[in-house]
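Enquirer: Each chain, written out:
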Amino acid sequence: MTREQLFYDDVQPGDALPTLTVTVDERQLFFFSAATYNGHRIHYDKDWARTREGYDDVIVQGPLQAALLARAVTDWIGGRGRLVRYAVQNRAIAFPGAELSFGGSVTAKRLSDGNIGLVEVDIAGRRDDTVLMPGTATVALPLRGDQS
Amino acid sequence: MSEQSLIDDQSASRVGTVAATATGEVNRRDWQRWAAAVGDHNPLWFDPEYARAQGYRDIICPPLYLQYAVLGVTALDGVRPDGSSGAMSGSLAFPRAPRRMAGGESTSFFGAAYHRDEIEMVRTIESIVEKQGRSGRFVLVTWRTVYRNQHDELIAEATTSMIARP
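Residue numbers (my numbering), protein chains in the order written: chain U, 1 to 148; chain G, 1001 to 1166.
For the record, the hints were derived by calculation from the structure and aren't laboratory data.
Simulated restraints, written as ranges between beta carbons of each label pair:
no., chain 1, residue 1, chain 2, residue 2, range
1, G, Pro1098, U, Asp9, 50 to 58 Å
2, U, Thr21, G, Thr1017, 37 to 45 Å
3, U, Asp10, G, Ser1013, 51 to 59 Å
4, U, Phe95, G, Phe1110, 31 to 39 Å
5, G, Glu1126, U, Ala108, 21 to 29 Å
Chain U regions said to be covered by chain G (calculated; three or more residues, Cβ under 8 Å):
no., stretch
6, 29-42
7, 76-85
Quick caveat: nothing in here was measured; it's all calculated off a predicted structure. Just so you know, even glycine gets a beta-carbon here, dropped at the ideal spot from N, CA and C.
Start from the sequences and build out the full structure, keeping to the hints where you can.
Expert: Next comes the structure, spelled out in structure tokens:
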């Protein structure tokens, strides 16, 4: 599988990450709970979610939102890019069936002491204009001409 | 009348202590199931030839999956009524704030994890504080978690938080 590599040289503050758009359904909630050994009823038991925890429906796992947002970042940086730091907050819940978007923009770039290209990004998971999950990430990108 | 703190004395006394330690083997099928559940088909997690071409010795574990590689086993009669295991939080119960949800996480990644790496996790309770939010009072618990592999190499260090509400 061929993917285009992003280079440090080609990234500038203000650049936008390609936006990932996902509508999570209950099937995906189930598979994610299974894959993370998460038995919390609010992700599969509508009656529990409504009557015991006060939600209108089962809710999308915070870690699934986080994983989708990370996917937007790791898709963007390519195979030679590396996720160095990843920080997100759960600000709002999401229900299955709603279209969610995951993206971000470059805020800064610098070369580290070891001549590694570090890029800072502001990232967010959103439902329409509502920010569900704000965050920041640092990624390391290869430099053009540095094939090591 | 002053309100009773949401934080019981027993929970408060555990700040600074180790909440949980765990070890687990990183398993490629498990992380690929996780990636598939995320819809994340990055070839670094799936395609050894591609991963080697990027400088790795094999496919690598997705960074965000690492936290699940150390999850243990909970008997059905050991889970909480809400279905959660409580094992990773050090079984902080907060009887006055029983509803809980993930707060946030910040993780630094130092190295890649490979299939069959043995990961050791040590999680410390960093703080427990009561806060006032838009929808009322809640408890914010923060943990600091360190992940090392079988060569004692630091793989990741995370700060995670949980919100518990009345």
